[in-house]
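Chains as they are written, first to last, in this note's numbering: chain V, 252 to 608; chain L, 12 to 305.
Be a bit skeptical, because a hint or two may be false.
If you want the footprint, here are the derived chain V segments under chain L, 3+ residues with CB under 8 Å [said to hold, decoys possible]: (1) 526-535; (2) 561-572.
Taking lysine to any residue and the SDA-like style, the derived pairs with C-alpha atoms no more than 25 Å apart in a straight line are [claimed, not checked]: (3) V:Lys391 x L:Val287; (4) V:Lys566 x L:Asn227; (5) L:Lys292 x V:Leu481; (6) L:Lys299 x L:Ser189; (7) L:Lys299 x L:Val287; (8) V:Lys391 x L:Gln230; (9) L:Lys299 x V:Leu481; (10) L:Lys299 x V:Gly372; (11) L:Lys292 x V:Thr492; (12) L:Lys299 x V:Asp478; (13) L:Lys299 x V:Ala491; (14) L:Lys292 x V:Thr495; (15) V:Lys391 x L:Tyr268; (16) V:Lys391 x V:Asp522; (17) V:Lys566 x V:Ile578; (18) L:Lys299 x V:Pro366; (19) V:Lys344 x V:Asp279; (20) L:Lys292 x V:Ser479; (21) V:Lys391 x L:Arg277; (22) L:Lys292 x V:Gly372; (23) L:Lys292 x V:Phe363; (24) V:Lys391 x L:Pro279; (25) V:Lys391 x V:Ile359.
Simulated from the structure, these hints should not be mistaken for lab results.
Idealized CB from N, CA, C, for every residue including glycine.
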Amino acid sequence: MKRSDLTGVGLFVLAAAAILLLPRFVSDFRAQQFAYVGIYFIALLGLNVLTGYTGLISLGHGAFMAIGGYTTAILVSDQGLTLGSHTFSADVKDVWTIPLAGLVAGLIGFAFGFPALRLTGLYLALATFAIAVAMPGLIKYDRFEQFTGGGGGINLFESAARTRPVETTDPITFETISEPIKFLGFEIASFNEWLYYLSWGVALLMFGIAWLLLRGRTGRSFRAIRDSELAAASSGVNLATYKTLAFGISAFYAGVAGSLLAIATTFVNPDTYPITLSIFLLVGVVVGGLGSLWPLVFGAIFIQFLPLWAQEVSKAQGAPAVVYGVILILLMILLPGGAAGLIRRLQALSRGYHRSR
Amino acid sequence: MAEFFQQVVAGLATGSIFAALALALVLIHRATGVINFAQGEMAVFTTYIAWTLIENHGVNEWLAFGLTLVIAFGLGLGTERLVIRPIERAPLLTTVIVTIGLVLIFNGLVSLIWTAEVRAFPSPFPNDTWEIGGVAISQQDVGTFLTVLVMVTLLWAFFQFTKVGLALRASALNPEASRLVGVRVSWMLAIGWGLAAVLGAAAGMLTAPTVFLDPNMMQAVLIYAFAAAVLGGIDSPFGAVVGGLMLGVGLNLIGTYVDFVGAGLRLPVALLIILVVLLVKPTGLFGKPVTRRV
Chain V
252 MKRSDLTGVG LFVLAAAAIL LLPRFVSDFR AQQFAYVGIY FIALLGLNVL TGYTGLISLG
312 HGAFMAIGGY TTAILVSDQG LTLGSHTFSA DVKDVWTIPL AGLVAGLIGF AFGFPALRLT
372 GLYLALATFA IAVAMPGLIK YDRFEQFTGG GGGINLFESA ARTRPVETTD PITFETISEP
432 IKFLGFEIAS FNEWLYYLSW GVALLMFGIA WLLLRGRTGR SFRAIRDSEL AAASSGVNLA
492 TYKTLAFGIS AFYAGVAGSL LAIATTFVNP DTYPITLSIF LLVGVVVGGL GSLWPLVFGA
552 IFIQFLPLWA QEVSKAQGAP AVVYGVILIL LMILLPGGAA GLIRRLQALS RGYHRSR
Chain L
12 MAEFFQQVVA GLATGSIFAA LALALVLIHR ATGVINFAQG EMAVFTTYIA WTLIENHGVN
72 EWLAFGLTLV IAFGLGLGTE RLVIRPIERA PLLTTVIVTI GLVLIFNGLV SLIWTAEVRA
132 FPSPFPNDTW EIGGVAISQQ DVGTFLTVLV MVTLLWAFFQ FTKVGLALRA SALNPEASRL
192 VGVRVSWMLA IGWGLAAVLG AAAGMLTAPT VFLDPNMMQA VLIYAFAAAV LGGIDSPFGA
252 VVGGLMLGVG LNLIGTYVDF VGAGLRLPVA LLIILVVLLV KPTGLFGKPV TRRV
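All chains should be built: construct the whole structure from the sequences, respecting the hints.
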């Protein structure tokens, strides 16, 4: 292992420890908000594999999140799918639907990568935007309604397969007893805290996978395609393989994030994954930094918290949007490279400082 | 058959609105290589200005429309100077994100100034129909179509026959060489933004009488315009106009004659058709194929 890798692993362990301890210091409500940050972080990691590393713009990742979320919702809610005379009863524990949701979204993303091979730039942006636009219509479409619940959505709140503290009433004192969530030997009292550990546990795992994937041959091929398709192809990078692979991996991440979002909201309908979600994911990637990994946390924090901060500035109708827009534009003007660009600049500064001493 | 022609005429009218906005997108894309996501919201903003001029200041309708176009030009120009110029050298995606910021700002400003209440917008054209061989043609539709046609022709003439138009084309084609022969390329970009805002304002004012004025009025229109621009080839102004008209007519015919396509599936089906077209011709119907230098 290189020395820089060792530093990386050290920082990763430190970050993991900080994430583990954070709920001790913040309220239950904040823990829930940070859980959402973890979920967005996963989605941003995936989108950056495609847009930041491979140079393919996607305006449709909300749709892949929807595919993941609905996969989880359908499996958890036990819709009792009827095919012919046979009724399938799924009833899968919510946690185990996460990898399945990722796989389903990933396969669809991989398949979408093939027609997308012919398109570049804005044409690809429109193609991906098309899936985001079409998704609510498809979910509400009559034939699929028995699976997706149509416009009404699927409620997971009462589902037996949902992980949550079980509340029972003591037969003698009539007090409510809350049985904590037991997972891998840990006991977690509140649903929000459980959500936090679940999403950040998955996020760290997905971060590790992305880091390993992007530092080797695959990552090199992605970056080569981004910098020059022609040069990449003439150096022996198979464009079709790696572009579809980037789409597949990216959609897998989005599917996992969408699945977690469904578990977090305990309810999905077409508005859980609106078109604006796809656009704000792209915003998050640029704010975090194109072609970066851990600085995407800042992008995720931005997506989750900026709307809330903007509302605190002024609650007048329309005012939060103006505040949000102004901050976003100022940020882009001051930090065109996003958080990652700032970090690189600071590193260069400190290196220059040490050299001059 | 009468219904068919009726749908085609109505389609040409909505299509011409898509065409105007698509042309605005193409103008900016040719000059700066980005899609201005705020084009629709800027159009709404200027349409509200026209509404205020007419309703609150008692300005004559046609005069108000004219004034609004001038104000729109200033708005586009000012926006470019204020927020796009500082990031001229930033990556393209950064510019795209800035236009998303503009969407939020203009949308928020409209709600803030005029509230989100839905309002009626006066139409410059009579609300009658002409009967031609059993086909009822709405004068509103004809007026809309002709207005866009006139604007596009004027714009074409401006680009073709004036010195500024030549400079605009030159700086879009080759900024470095234009700079060498004394074209102020940066200002040309600003003028491009101004012209795009004028087209957007026209599209907004033509849309408002039929769908009523509200802050989110142009969001769907922008998606159609984006689709039309891509269908025609994102670098081709002619393609944007043809793409817009094709999309307008196509949407109407699909909605009328294809049974399973309800209101909810009209847009997805239209986008699917465009995708198929793109797969056959990846740079749109009239876009130039990209030749890459090694």
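(message) Need the status of pair Lys299 (chain L), Leu481 (chain V): alpha-carbon distance at most 25 Å?
(response) Given that 25 Å is the threshold and the Cα spacing comes to 19 Å, the pair holds.
- Query: Are the Cα positions of Lys566 (chain V) and Asn227 (chain L) separated by 25 Å at most?
  - Reply: holds, 19 Å
| message | Hinted pair, alpha-carbon criterion (25 Å max): Lys344 (chain V), Asp279 (chain V). Please report holds or violated. | response | holds, 24 Å
Q.
Would the hint linking Lys391 (chain V) and Arg277 (chain L) be met if the CA-CA limit is 25 Å?
A. Distance of about 13 Å is within 25 Å: holds.
| Is the straight-line distance between the alpha-carbon of Lys292 (chain L) and that of Thr495 (chain V) 25 Å or less? | holds, 20 Å
- Query: Regarding the pair Lys299 (chain L) and Ala491 (chain V), is the alpha-carbon distance no greater than 25 Å?
  - Reply: holds, 23 Å
With the threshold set at 25 Å, check whether the alpha-carbon distance from Lys299 (chain L) to Gly372 (chain V) stays at or below it.
Answer holds: Lys299 (chain L) to Gly372 (chain V) is near 14 Å, not above 25 Å.
**Report entry** 25 Å Cα cutoff - pair Lys391 (chain V), Gln230 (chain L)
**Finding:** Holds. Lys391 (chain V) to Gln230 (chain L) sits at ~21 Å (cutoff 25 Å).
Report task. Please work out if Lys391 (chain V) and Pro279 (chain L) have their alpha carbons no farther apart than 25 Å. Result -> holds, 12 Å
Verdict on chain L covering the segment 526-535 of chain V, where coverage means 3 or more residues with a C-beta closer than 8 Å = holds (count 3)
Is the hinted pair Lys391 (chain V) and Ile359 (chain V) satisfied, with a Cα-Cα distance of at most 25 Å? holds, 19 Å
Do the alpha carbons of Lys566 (chain V) and Ile578 (chain V) lie within 25 Å of each other, as the hint requires?
-> holds, 16 Å
Going down the numbered hints, you'll see the structure goes against none, and every one checks out.
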